[in-house]
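The residues making up each chain are set out below.
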Amino acid sequence: MNVETDPSSSSQYIQSLTTLNVDEILGVKDASKPEISTREAFGKALRYFGEKDPNIVVLDADLSKSTHTAHFAMTYPERFFNVGIAEQDMVSVAAGLASCGKIVVVSTFAIFLVGRALDQIRNMVALNRLNVKLVGTHAGLATGEDGATHQSLEDIAIMRSIPNMKVFSPADAIETIHMVREMLTCPDPVYLRLSRPKIPIIAPKIRQEITSTLETTEDITSSQQKCSNLHPNSIESIQNSSSDPSGSQCAIFATGIMVHIALKVQQSLENHEFNCKVVNVSTIKPLDPLPIERVNRQVRYLFSLEDHNVIGGLGTAISEVLASIPNSKPLMRIGVKDIFGASAPYSDLFEAFGLSPEQVTKKILGIMNEHDRHET
Amino acid sequence: MIKNLDTELSPTKLLPTELPPTGLPKMKLSEMELSPNSIKERPTNSLDQMPTALNIRRTIMSIAKNLKVKAAEIRQKVIELIARGESGHVGGSFSACDILTVLYYYKMTLDTENPRWAKRDRFILSKGHSVPLLYAILADLGILSLKPKDILRQLHSQLPGHPRMDITPGIDMSSGSLGMGISAGCGMAMAAKLDGAKYRTYVLVGDGELQEGQIWEGVMTASHFGLDNLTVIVDKNNLQSDSPVKTVKNCGEIADQFKAFNWNVIEINGHNLIEIINAFDMVDMMRGKPTVIVAKTCKGKGVTFMENNPVYHSSLINDHHQKDALEELKIQNECGN
Chain F
0 MNVETDPSSS
10 SQYIQSLTTL
20 NVDEILGVKD
30 ASKPEISTRE
40 AFGKALRYFG
50 EKDPNIVVLD
60 ADLSKSTHTA
70 HFAMTYPERF
80 FNVGIAEQDM
90 VSVAAGLASC
100 GKIVVVSTFA
110 IFLVGRALDQ
120 IRNMVALNRL
130 NVKLVGTHAG
140 LATGEDGATH
150 QSLEDIAIMR
160 SIPNMKVFSP
170 ADAIETIHMV
180 REMLTCPDPV
190 YLRLSRPKIP
200 IIAPKIRQEI
210 TSTLETTEDI
220 TSSQQKCSNL
230 HPNSIESIQN
240 SSSDPSGSQC
250 AIFATGIMVH
260 IALKVQQSLE
270 NHEFNCKVVN
280 VSTIKPLDPL
290 PIERVNRQVR
300 YLFSLEDHNV
310 IGGLGTAISE
320 VLASIPNSKP
330 LMRIGVKDIF
340 GASAPYSDLF
350 EAFGLSPEQV
360 TKKILGIMNE
370 HDRHET
Chain Y
0 MIKNLDTELS
10 PTKLLPTELP
20 PTGLPKMKLS
30 EMELSPNSIK
40 ERPTNSLDQM
50 PTALNIRRTI
60 MSIAKNLKVK
70 AAEIRQKVIE
80 LIARGESGHV
90 GGSFSACDIL
100 TVLYYYKMTL
110 DTENPRWAKR
120 DRFILSKGHS
130 VPLLYAILAD
140 LGILSLKPKD
150 ILRQLHSQLP
160 GHPRMDITPG
170 IDMSSGSLGM
180 GISAGCGMAM
190 AAKLDGAKYR
200 TYVLVGDGEL
210 QEGQIWEGVM
220 TASHFGLDNL
230 TVIVDKNNLQ
240 SDSPVKTVKN
250 CGEIADQFKA
260 FNWNVIEING
270 HNLIEIINAF
280 DMVDMMRGKP
290 TVIVAKTCKG
300 KGVTFMENNP
310 VYHSSLINDH
320 HQKDALEELK
330 IQNECGN
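Going line by line, the protein sequences match chains F and Y.
Taking numbering that gives the first Met the number 0 as reference, the numbering of the first sequence is continuous, increasing by one, and the terminal residue is 375.
Taking numbering that gives the first Met the number 0 as reference, the numbering of the second sequence is continuous, increasing by one, and the terminal residue is 336.
Bound-form chain Y, shown alone (with noise of 0.2 Å):
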C-alpha cells in the first residue's frame, strides 16, 4: 500500500523494486500532450523504449499540468450542464473531476468514433448521481455529441438524471440505484478474462454508497475470483446526502476493510493529478488481485464557496453563483493550477 505519494517523483515508487524486468510501467510516454485516447492498439513496452528517470518525470509532470487545465474546464462545463438543467448534483461530480479526468484523458483506451468498441476499457460510475461530470467528459471528447434538446434531466434528452446505458453513447453500464456497480464491474472482468481480452474496468463508488451490502459482496466477488482487471476507486469525500457518513453511518477505516477482503489497496489524494496518475499506472502492474484506489476528496472541491459545503451535494445554482463558480474555474484554467 502505498500512502500519501509525494508529488515529486521519483523513479523507484514508479517502478517497485519487487516487479520483475517484464512487469514494466505501462505509461504512454511518447503522448506529451493530452489528446482523446483513439489509440486502439496499447503500447507495447520494449527495453530499448526504456525511459530514463528524468524522462519519466519531465513526461508525468508535464501531463499532470495539462491535465489540471483540463479539469477545470470539465468543471466549467459542469457547471453550465447543471445551471442549465436547473437540477443536478455539482458535489460529488466536482469530488470526482480530477479522477475522471486522469481516467478519461490519461488512462482508459477508447474509442471515440465508436463507444461501443469490443475492445474499449469499461467505466461504471457507480454513484450515478454525479452524472453530469461525465456528460461533460463524453461531450469534450466527441463520445457524447450534444444538441440544442440536450438539457440534464429533461424530456427527450441525451443527459437523463441518472447514467443510462440505452440512452447515451459512452455510458457502459446504468446505474441510479446505489451499490451495484462493483458487482456489475465484477461480470465485466469476467467477461474479459473469458475472452481473453485485455481491457480494464474501472468503476467509481462513493464513500457513502459502501453502506450499501452488495457493495461487499462484488468486493467479495472480485478477490475471489482474482479480478486484477478490475479497479475501483472510491471518491471519500466524507459527505453524503443527509450529514457527514460518520455522522449517518460510520464505514470505518476504508483501507482496512478492503486489504481485509483480499484487495491490493492504494491511498491517494484524490485532487493530485501525479499521485492520481501514478495509482492508475500502478494498478496495470498488479497481478492476481483487484486494486481500489481510496482518494481522499473534497466535495465541491474547485469551488471555493462550495467546497466540503453539504448545500451543494444536489442543489440549484443560481446565475450568481454560477457567475461566481464559473469566473474561479476560468482563473485555475488560465493558471493550470
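Extracted from the complex, chain F is given alone in its bound form (with noise of 0.2 Å):
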C-alpha cells in the first residue's frame, strides 16, 4: 500500500538474473586475483544493475567519488542527484521518492548518514516501510587516517534496534554484488554496511559456497517477498572439517571486513593445533538462530569478531541469540571496547585496538588456554 507501483514487479528484471558475470560487474579480468574493496564493488554493481532497472534512483551527498555511487552517476546522470552536504535532506528525499514508486539507493560514509540522519530514516523511511536502501561507507575503524569523527562504530547497534530495517554487511567484493543484488529486489528498507580498505576476494571455493547458500536463500526470499529468511552464511575451511571429523574446537563468527581477518585467524590456530570453524554473518538482521544454534552444539568456544563497538553490535545479537538457548557456549566478543578510534593507517589501528589477526589470535587462545587449564 506504501508505494505506487507493485514492488514485486519493480525489479523482477534484477531478480530474473540467475547468473551473475562478476568479472564483467567489476571490470577485472579474474576476480578472485585482485583486491577490492565492498566499496568499490557496489558502485559498480549498482552501475550494473542500473542499467537493467530504470526505476533505481541514487542520490549522494557530496562523497560519491569515495562511496562509489559515481560510476552509477556518470552512466545515468539523470537518475542521479547529487543533494550536498545535507545528508537529512537526502534521505527525505529518499523518502519522497520511495514513496512515488522509486527504488532510492543513498549513499554516504556511514557515520554520516546513520548518525545525523537518524530522525529521517527511522520517521520516514523505516516507519512508513518505504523502499529505500541506506548504503553507509567507510564503516568502523577500517575508515583509518580520518579518525574518531569518521570512523562508525555505533551504526549496526542503531540500525538493527529499527523496525522494518535490515542490515547486510557483506565480507567481499563478490557476496557484495550479490547483497546489493538482494537489497535492490527487497522492497524494505535495507542498511548495507561497507568499509574503504581494499580486502582479498575469498578464496573460490568458500566463494562458491556463498553464492550457492545466498541462491538458496533468494528462493525464499522471492516466495516471501519480504527478504526475511536470510542465512547467515556459513564459510567453514575445507581442510578443518575434513581433518577434524570431531569437530572444531572454536568457532569466531565474524562480519565484513572481519571475516577475511578472521580466515587469517583460522590459519594461525591451527599452526597452534587449535579447528576453528569461521562463520560470515553478512545479514546481522534478521539474524537467522539456526545456524547459531547449531554452532553453538558444535564447538566449545564461541567468539565474535567486529569492527564495531562491543556494545549493541554483531556479538550483541549473537550473545541475544545464545541467552535463549540451554546450556549455551560462553561468547566472548571482539571488537572496539567502548572507546573512540583514532586517526592511523587502518592495519595500525587494528593492531592498537587489538584487531590484527595476530591480536586476535592471541586473545583466542589466551582464553582457550586459561579455560583448559582450570578444566585440567
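Hints in this document: simulated from the structure, not taken from any laboratory.
Heads up, the beta-carbon is just placed ideally off N, CA and C, and yes, glycines get one too.
Do not rely on the hints blindly, as some may be mistaken.
Just a few of them, taken from the derived set where beta-carbon distance is under 10 Å, the chain F residues facing chain Y [unchecked claim]: (1) VAL27; (2) GLY83; (3) ASP88; (4) VAL92; (5) ASP118; (6) MET123; (7) LEU129.
Covered, in the sense of this in silico footprint (three residues per stretch, anywhere, with C-beta under 8 Å from a C-beta of chain F), are these stretches of chain Y [as the list claims (entries may be wrong)]: (8) 159-171; (9) 186-192; (10) 208-217.
Could you fit the two chains together into a complex? Lean on the hints.
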C-alpha cells in the first residue's frame, strides 16, 4: 500500500538474473586475483543493476567518488542526484521518491548517514517501510587516517534496533554484488554496511559456497516477498572439517571486513593445533538463530569479531540468540571496547585496538588455554 | 512577488503580462459548484474556452464564497474530532484551515475512489500536529471513511496523533518530527519529473518549524534542481508551542529568506479565500523555480476566543467551549462569511 507501483514487479528483471558475471561487473579479468573494497564493488554493482531497472534512483551527499556511486552517476546522470552536504535532506528526499514508486539508493559515509540522519531514517524510511536502501561506506576503524569523527562504531547497534530495517554486512566484493542485488529486489528498507580498504576476495571454493547459499535463500525470499529469511553464510575451511571429524574447538562469528581477518586467525590457530570454524554473518538482521544454535552444539568456545563497538553490534546480536538456548557456550565478544577510534593507517589501528590477526589469535589462544587449565 | 492581493479581483492580476500566451491560467472555470476533485484528466486551456474578464471574476467570487462555507464546516468537524478524542492541536488546525480547504476543494486533482492513484497531486503536512484538520477534510471528501472506533489519538483508530501514510488513506507522507516535509516534497517532485508526470506537490510548513535546519537543506535542493512542480505554503501564525515565534527564536523576514534561495515568493492573507485561490493559480504558471506562499494567518482563526490565544495550541476543549465554538462556526456556515 505504501508505494505506487507493485514492489514485487519493480525489479523482477534483476531478480530473474540467475547467474551474475562477477568479472564483468567489477571490470576485471579474474575477480579472484585483485584486492577490491566492498564500496567499490557496490558502486560497480549499482551501475550494472542500474541498467537493468530504470526505476533505480541514486542519491549522494557530496561523497560520490568515495562511496563509488560516481560509477552510476556517470552512466545514468538523469537518475543521480547529488544533494550536497545535506544527509538529512538526502534521506527525506529518498523517502519522497520511494513513496512515488522509485527504488532509491542513498549513500554516504556510515557515520554521517546513521548519525546525522537517524531521525529521517527512523521516522520517514523505516516507519513508512519505504523502498529506500541506505548504504553506509567507510564503516569502522578500517576508515583509518580520517580519524574518530569518521569511524562509525555504533551503526550496527543503531540500525538493528529500528523496526522494519534490515542490516547487511558483506565480507568481500563478490558477496557485496550479491547483496546489492538482494537489497534492490527486496521492497523493504535495508542498511548495507561497507568498508574502505581494499581486501582480498575470499578463496574461490569458499566463494562458491557463499554464492550457492545466497542463491538458495533468494528462492525463499522471492516466494515470501519480504526477504525475511536470509541466512548467515557459513564459511568453513575445507581442510578443517575433513581432517577433524570430531568438529572444531572454537568458532568465530565475523562480519564484513573482519571475515577476512578471521580467516587469517583460523590459519594461525591451526598452526597451534586448534581447529576453528569461521562463520560469516553477513545478514545481521534478520538474524537466523538456527546456524548459531548448530555452531553452539559443535564447538566449545564461541567468539564474535567485528569492527564496531562491542556494545550493540554483532556480538550482542549473537549473544541475544545464545541467551535463549539452554547449555549455550560462553561467547567472547571481540571488537572495539566502548572507546573512540583514532587517526592512523587502518592496519596500525587494528593492531592498536586488538583487531589484527595476531592480536585476535593471541586473545583467543589466551582464553582457550586459560579455560583448559581451569578444567584440568 | 505579489503583496497582499486585493480582494477585488482584476484580470490583469490573474494574467501577468510577462507570460506568453501559452501560459494561460489553468483554472477550472466551469466548476461553479464545489466538488471533490475526481477529475482524472486535467482541463486543457484553449483559446476558444478563453473566459471573459467578468466571467473569471464572477466565478472566482462564487467559488470563494462556497469555499468559505466549506471552511467553516471543516472547522466544526475539527472541533468535534478533537473533543471526541479529548486531545489534539486545534490552533494550528484552524490557522491552516482556509488554505487547505482551497487546496483540497479547489486546487488539487485527486481520485477519491483511489487515494493512491499515481497521477494525483501530493500533499505533505510537514507541521504534522495539525492533522485533525487533514482528517476532517479527508473524511468530508470520502477518501477516509470514519468508523465508530476512529477516535482521534486512540488505539486501533485510523486517526493517530500525527499523520501516518501506512495507516490513514489519503495521507501521502507521514510526519510529526518537524522540518522534513520540504525534503520529502522535493523527492516527490523529482519523481514526477523523472516520470514526465504532471502532478504537483504541496507542502504545508509552520513558521516555527522554519527553525529546523533541514528546512533550509530542502529549500536549497528544490531551487537547485528547479522543482517548479513543488509549492510550499508557510502557515505564518506567529505562535509556536512555548510562546510567539519572535520571542523563541526570531526567523526574520521569511519572504526575503526564500527569495535569497532563488524561490518565487507570493505573500497573502491566509484567511482571504480569493487571495489563496489566486496564489495557487499563479503557482501553476511559474516555471523553473519552486514557489513559496507565505500566508499570514491567525492561530485559532474562526472562533473568537481561540484566535491568537496560545492556550489553544494543543489544549483540551471542554464541553462549554466546544458548544460556544460550534455555535460561532455554525453561524459562519449559514451566513457564508
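Starting from the hint list further up, note which numbers the structure goes against and sort them upward.
1
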